[in-house]
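Asker: Residues per chain, in single letters:
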Amino acid sequence: MDYFAQQLINGLVLGSIYGLIAIGYTMVYGIVGMINFAHGDIFMIGGFIALITFLILVSLGLTAIPVILLVVLLVSMAITALYGWTIERIAYRPLRHSFRLAPMLSAIGMSFVLTNYSQVAQGARVKPIPPFIPGGHTLHESPDGFVIQLSNIQIMVVLTTIVLLGIFTWLVSRTRLGRDMRACEQDQTMAALLGVDVDRTISMTFVIGAALAAVAGLMYLLYYGLVDFFMGFVAGIKAFTAAVLGGIGSLPGAMLGGLAIGLIETFWSAYFSVEYKDVAAFSILIVVLIFMPTGLLGRPEVEKV
Amino acid sequence: MSGETILSVDRLTMRFGGIVAVQDLSFAAERKKITALIGPNGAGKTTVFNCITGFYKPSGGAIRLTHDDGRQIALERLNDFRIAKQAKVARTFQNIRLFPGMTALENLMVAQHNTLMRASGFTFLGLIGVPTYRDAEKQAIALATDWLKRINLLDRADDAAGNLAYGDQRRLEIARAMCTEPALLCLDEPAAGLNARESAALSELLQSIRNELGTSILLIEHDMSVVMEISDHIVVMDHGVKIAQGTPQEVRDDPKVIAAYLGTDEDEAAAVMESGS
Amino acid sequence: MTSSSHETTTASRTTGIPALLKTAFINALIALVLFSLMIGIRTEAGSDGQLTYWTRFGDLASIVAAVFGGSIVIDLLRQWIGPTGAEKLVPASVQSGMSFIGRYLAPALLIFALLVPVIFYNQRYILDLAILVLTYVMLGWGLNVVVGLAGLLDLGYVAFYAVGAYSYALLATNFGWSFWVCLPLAGILAAFWGVLLGFPVLRLRGDYLAIVTLAFGEIIRLVIINWQDLTGGPNGVSGIPRPSFFGIPLDNSDDGLAAKLGIEYSPTHRIVFLFYLILALALLTNWVTIRLRRLPIGRAWEALREDEVACRALGINTTTTKLTAFATGAMFGGFAGAFFATRQGFISPESFTFQESALVLAIVVLGGMGSQLGVALAALTMIGGFELFRSLETYRMLVFGMAMVLIMIWRPRGIIGHRAPTVFLTKAQAISSDLVKEGHG
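Chains as they are written, first to last, in this note's numbering: chain V, 1 to 305; chain W, 306 to 582; chain U, 583 to 1023.
The hints are simulated quantities; they were obtained by calculation from the structure and are not laboratory data.
Heads up, the beta-carbon is just placed ideally off N, CA and C, and yes, glycines get one too.
Any given hint could be a false lead.
[Stated by the list, open to error] FRET-style restraints, in silico, Cβ to Cβ:
{"#": "1", "chain 1": "U", "residue 1": "V891", "chain 2": "W", "residue 2": "Q391", "range": "13 to 23 Å"}
{"#": "2", "chain 1": "U", "residue 1": "A647", "chain 2": "V", "residue 2": "L171", "range": "29 to 39 Å"}
{"#": "3", "chain 1": "V", "residue 1": "A192", "chain 2": "U", "residue 2": "R785", "range": "26 to 36 Å"}
{"#": "4", "chain 1": "W", "residue 1": "R376", "chain 2": "U", "residue 2": "R785", "range": "22 to 32 Å"}
{"#": "5", "chain 1": "U", "residue 1": "V615", "chain 2": "V", "residue 2": "L60", "range": "16 to 26 Å"}
{"#": "6", "chain 1": "U", "residue 1": "Y858", "chain 2": "W", "residue 2": "A470", "range": "49 to 59 Å"}
{"#": "7", "chain 1": "U", "residue 1": "R785", "chain 2": "W", "residue 2": "R557", "range": "36 to 46 Å"}
{"#": "8", "chain 1": "U", "residue 1": "R785", "chain 2": "V", "residue 2": "L171", "range": "27 to 37 Å"}
{"#": "9", "chain 1": "W", "residue 1": "A367", "chain 2": "U", "residue 2": "F774", "range": "38 to 48 Å"}
Bound-form chain V, shown alone (with noise of 0.2 Å):
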């Protein structure tokens, strides 16, 4: 039982992580209708820019966690961002008119180029960071002597993503930008006639998704205590899979489509295998799209003949 507890708490800030790299894919799939494949080495973009940042930081001669931390927050969520603005102009938007295959085919290839440019910029070795946020709290010990933790860091990656999303979701339902991005996902054309300007919206809707990515890319260094250059890859179709799940298009659905993957790969890990459990992610994305496309909160779509 306390096993299951720890699993069950390992298993949500995971699916926190993955939550906000999912929201950044559904929000781009609702508004211009692509999968940007590109979306989950942006993460581990994120990823490197926060670790750098740290390194800097602390050879700098700060000491104060806290500040630390915001320094880190913030420029890798404001770099990071301009990472997904740069690309959504260089390879997606001139192809936005073009037909359905070329931006996928754009993001397939500005991924590879993600992944080379860190793996040629900082080598091809896992960068480990020491334990940053250290300590926790204990929760119950068992009498066979089985300890439920909640580490700082879960508590912080979790408190995080609450403020995020609180953030997050009064900005898409409460100010002008949250509703033109509303507009777009409806019908680009008629906003466009209204006023609202397309690709600045666009733009904004790419530079969030960045900028929740690399706070998951941040979370992730401090969780895990390393980066690779390879990390998005596998990051990102969990990230997908868990935005399908939700129900492509919808922010709480992709929240809570993190969750319940974040869940499914801990306890998969933990009862039956840990060399499978990119296989069980993968396999959750083939049956739900088979069987529920619309995923959890999603709309039915009826097709029109």
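Got chain V; can you put chains W and U on it based on the hints?
Answerer: Then chains W and U, alone, in the frame of chain V:
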């Protein structure tokens, strides 16, 4: 065998979530006749079509197709392609659905897919080059050529379908449907976007299909000149229900029909008609 | 009035130097921010696990300068070429000359391919490269059936390649069956998996279909890596027997082919044999595809790509049509995989990554989907290009990725910009790619 029913729609109902698009609709289409389904926009006509041709699964009711030999097929239970293949029901679409990257001739060849597949031994015999397939292909090209002549597009046979003029595309779509040699041809707004001359040519084409080939036709149409000229029987829908049916003359004088199109109510329309005539 | 309007037209045509410099400066600034940390700082895990870093500001400065310069160059080019694109650059005589060459290009390439081992007999490197190119040509032609003809976006094609390779490898090393027996089996097994993949994705369209096929490919690769008992896991399968010349071994022994023919043995014999083997397999793929295009099934594939709904309305069973497309494409992938295993003598899961699927897909799209000649040319260009970059091993994927992006922006329809009809009454007219649908799956 005139006066016999080829298609009987019995209490057809179609629901989308909470919306009832078609409610308890019953009508019959006669063999070797042209039946028109008319009504204002949003009446549910295309929904009925999609139910008949298998693109939607009806929420309730029955659709029965009776073949020449008396065999009856329940269309509400068949999947879409089977309706075309086994029940021999062909259709065209409101927004033309040709194969734009293929030539006119190729479009008509695709329509004869099932015949040719059988002749090619499900590809294997064809791969080897057995003569039976080559003969079948020649016959298929002959049928296609025949239809191209009928619709006056023989000189455009090798042009891409996407390059044809709008009116030509409409006729090609009909020819393609006819190349499946159907018993019932369902046309969804075949005259949409056609000018007067093209509409007249279309009327001629449909009448010749009925008279010379004996194919039964069911069509949705807004162009009243076409409807009144060629229909043997008209069914009028509004808001998902049938409000009138009969010969063109009967329907034209029915106050319910006029009221539906004008958006007024029946008594007002009747009053206006009485005072006017 | 006339003079001021004349001024504005000249000004808009040349987009004054200040504006050009301003754009370049902004681009360079963006590049500076983007690359500041990733290129300016280089981290590395030290031997004790500690992370250290050093600065590379010189590299950063040169890259930012390159962006600045490149931005100016691209803007100037764009103005010079004008909004109509590069077509204006090529004079009409050259264009018609190129279409003349186009008609004879295919047979010329075929003759050249047949003579390659003769011309380059002593250049082992070129023979190996030619075998590699032909392998990808075959993979491209196989995937072309699925993506180019039927319009089904398959991002997991490498799975069938792997199934073919591992089938042959395991059957040959465990049961000792010959290549010629295993080859059709590899194709059948791969086709079986093709159908298995096809079933779940029948109702999926576009991007969803693509990502599910990607997931499938990854699942196959992960299963291969982890099912060590069966596949040897990350260590792969080694000691795969080389093919024989229909039973006669191609080696130094007394019953070897060299001895039988009374000529001096040379290891080049095997390479030449392998070359003609893959050439034969590729040509078989090509021939079958061309014939299938003219048969109802091939036409149904292309019709499926153009408009699936219309197909269903014509009585075509789209389920079996899609499954046969997957199965046929998979079968050719399986044949190629078996060839790959016998050529290498050793296979491991590392050869069957998503990058391979993406590479084959890029070849098909670059070639101009559905065009056999285009796919062959694209394979030649890309694999040849890859080889040229072999010295810059680490940068290869970077260049490949950028090439994919650039090709999509510049010429998304591929090299061959038209489709040839499969039946005609009077004249076969090429149909422009603009009309041909790319398919949604």
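Asker: Hint by hint, say whether it matches the structure.
Answerer: Now for the hints, and whether the structure bears them out:
no. : hint                           : verdict
1   : U/V891 with W/Q391: 13 to 23 Å : holds, 19 Å
2   : U/A647 with V/L171: 29 to 39 Å : holds, 38 Å
3   : V/A192 with U/R785: 26 to 36 Å : holds, 32 Å
4   : W/R376 with U/R785: 22 to 32 Å : holds, 31 Å
5   : U/V615 with V/L60: 16 to 26 Å  : holds, 19 Å
6   : U/Y858 with W/A470: 49 to 59 Å : holds, 51 Å
7   : U/R785 with W/R557: 36 to 46 Å : holds, 45 Å
8   : U/R785 with V/L171: 27 to 37 Å : holds, 35 Å
9   : W/A367 with U/F774: 38 to 48 Å : holds, 40 Å
In summary, the structure agrees with every hint in the numbered list given earlier.
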